[in-house]
Amino acid sequence: MSQNTLQDFADVWIGKISELVKTITGTGPVKYLINWSRMYALWPVHITTACCSAEFGAMMGPRLDPERFGLQAVAGGLRQCDLLIVEGTVTKKMAKRLKIVYEQMAKPRYVIAMGDCACSGGLFHDSYSIVNDVHKLFPIDVYVPGCPPRPEALLSAIVKLREKIRREEVFA
Amino acid sequence: MTAQPTPSPTVTRAAGPSTLDVSVGPQHPGSGHMRILIRVDGDYIVSSDPDIGYVHRGCEKIAEYRNYVSNIPHLERPNIADAIHLNWAYVLPIEELHGITVPPRGRYIATIAAEMNRIMSHLYWMAIMAGVFSGHTTAFMWGFGDRDLFIELAEMLTGARLTYSFLPPGGPRRDLPYGFEHRLTKLLDYFEKRLPEYDRIFFSNPLLVARTKDVGILRREEAVKLGVVGPVLRGSGVKYDVRKLEPYGAYADLDFEIPTFKEGDSYSRFRVRFEEMKQSVSILRQALHNIPKGPIARKAPLAVPEGEATGRVESSRGEIAYMIISDNSDKPYRVKIMNGSFRNLIALPFLLRNVHVADMPIIYGSLDYWPVEADR
Amino acid sequence: MSQAGPSREETVINQLKTRFPEAIKDGKVDRARRLTITFEKDHVQEIARFMRDEMGFDHVKGVAGVDYPTHKKIEVLYFTGSFTKTDIEDLLVILKTELPRENPLIGSVTSIWQSAHFHERETFEMFGVKFEGHPDLRKLLTLDNWEGPPPMLKDIKFPEMGQR
Chain A
1 MSQNTLQDFA DVWIGKISEL VKTITGTGPV KYLINWSRMY ALWPVHITTA
51 CCSAEFGAMM GPRLDPERFG LQAVAGGLRQ CDLLIVEGTV TKKMAKRLKI
101 VYEQMAKPRY VIAMGDCACS GGLFHDSYSI VNDVHKLFPI DVYVPGCPPR
151 PEALLSAIVK LREKIRREEV FA
Chain B
1 MTAQPTPSPT VTRAAGPSTL DVSVGPQHPG SGHMRILIRV DGDYIVSSDP
51 DIGYVHRGCE KIAEYRNYVS NIPHLERPNI ADAIHLNWAY VLPIEELHGI
101 TVPPRGRYIA TIAAEMNRIM SHLYWMAIMA GVFSGHTTAF MWGFGDRDLF
151 IELAEMLTGA RLTYSFLPPG GPRRDLPYGF EHRLTKLLDY FEKRLPEYDR
201 IFFSNPLLVA RTKDVGILRR EEAVKLGVVG PVLRGSGVKY DVRKLEPYGA
251 YADLDFEIPT FKEGDSYSRF RVRFEEMKQS VSILRQALHN IPKGPIARKA
301 PLAVPEGEAT GRVESSRGEI AYMIISDNSD KPYRVKIMNG SFRNLIALPF
351 LLRNVHVADM PIIYGSLDYW PVEADR
Chain C
1 MSQAGPSREE TVINQLKTRF PEAIKDGKVD RARRLTITFE KDHVQEIARF
51 MRDEMGFDHV KGVAGVDYPT HKKIEVLYFT GSFTKTDIED LLVILKTELP
101 RENPLIGSVT SIWQSAHFHE RETFEMFGVK FEGHPDLRKL LTLDNWEGPP
151 PMLKDIKFPE MGQR
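Residue numbers (my numbering), protein chains in the order written: chain A, 1 to 172; chain B, 1 to 376; chain C, 1 to 164.
These aren't lab readings, by the way, just hints derived from the structure by calculation.
Bear in mind the structure is a predicted one, so any value in this text is a computation, not a measurement.
Keep in mind that a hint or two might mislead.
[Unchecked claim] Listed next, the in silico DSSO-like pairs over lysine-lysine satisfying Cα-Cα at most 30 Å (straight line):
#1 B:K336 to C:K41
#2 C:K41 to C:K85
#3 A:K16 to A:K99
#4 A:K96 to C:K139
#5 B:K331 to C:K154
#6 A:K96 to C:K41
#7 C:K41 to B:K225
#8 C:K96 to C:K154
Bound conformation, chain A alone (with noise of 0.2 Å):
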């Protein structure tokens, strides 16, 4: 009985707090600054899933140089990453795989489907091992189509996710 009512109060006192915590994050600056630093650091997830990765490390070069806008290819951990790009063509033997590595992504966490091949099948669109529709996988922020997408289209793309952070909730 009096575990119970001191569950309820537990329970009272974290609602209210994290009422707090909304609150002053929901002000104009504190969301601005959580944003920004979160639009800064995002950092992709080592896994290549096909043919559009030659592009992506064209992007990483040094002709476009990401790490301006804080996108490093760290070899930390997976809990560090923010940002899956799903690069090509997904097949069901991956996709088991890439979902699992979505999982794993801490949250804030990010999708970027690039090629025609993640963003709807392309070239491979009647293979018998291949998965057409990655949206249903996990909820796709960015689309880039092109096979593959050129480097800068790329980065235009991750522009674009950058534009989409800065205005989104920070407790989305």
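Dock chains B and C against chain A, hints included.
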């Protein structure tokens, strides 16, 4: 997930009380889109089992449902860094079945595109497999920076950055555009000055030499028995190159060498690719100098007469052979693809025995295994 | 340089025909550096051993299966070559054999040509051809729990394929 890893065919160390099975999975900074199940005992890998098929898109089955020309885009995607060679090996048997020969100018243009592709592919290898896997990010930046210059020229020639679809059956799609020779000559002059810099900062770097010398030694008899191809074979002392044995394109008229090293360790495989870049520069200069005038392509009808033919080329990862069986229609009956990465796969469990765990990225990088090509 | 005697390709065919008169059904030269030899499937290991030890063909470039449902057979092709013997190193010898479609069973050559290991595994997965004596015959490329039919057979039609 999958069950216990079975011992690979070339090793016989079963699981014991001191071993641990580790899955170096598709999400790993050092492995690409494939999984290697390794069995470690302390710091030593005692056996390994490659688990491939993460990019298996069924290219051979799809090829039976599209006509011969529509097959070219999806058959050149397996190795996007070296797409011309996959394309060329596909059209050589088709031209043989038609009984047509490409005119000399067309062959020279295809050779120029192919050698540019070889340099691009080796720079990609240097950037990622040799650079990032061994912790040398400057090589990554330099490799991709110079590779982009070659990609710009390929864009000028074919209209696409990486996936050209440049060689339909009968010859190249377009002639050399105005100003191409001048720009390519300037780029080759610049690149020839860069190669000694690569040597100084990367290939002769004492840290890299210490990491790669005597690591993953593949002796000559073993290389022959395993049937490996490409720089892996030439780094073990076997001088085998399809450009000299069965000259296609313009290679019969051009003068070049096949770099071969006999030590068989990762360092010699690295050096083979570096020397091949130098040879490609020389081939490009000769081809630009000697290119004849005339038509570039012959018309080839879409329906191919009945028969079987095999064609092969030497790509940057090894010998690529395509067998095409045709049945008088415009869709092939069977397309069989044999490429360098799939044939080199057997070297991976063979070499990953009694090596340190830290040697695994070096051995994997020296084989230049491209999973998309091996899985097709 | 022209010579009156048989070419290298014909020498290879004659050597095999003399050694295995009953096992070799046919041998023909397609063009320069290409020859196709058709043989009986039961003698595959003897022929492979002879080719490796006496003739110098030391590796296999690939193993292909071809499905002919109208003739009720599956053909298996071995593409062999030589790395070490200089007078035949530019030849590509294609060994062809037929298997009945209901029960495609053939001896494995991995004990002789180790390079055929992964190729035979892939042919097993794609066509259902069982190679007896292969040390590790399991599937390689398709999905983990694919128990389905071998994908490359002609009568296995995936409904979404070819709808364009």
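Check: So which hints don't hold here, by number, going up?
Finding: 3 and 6
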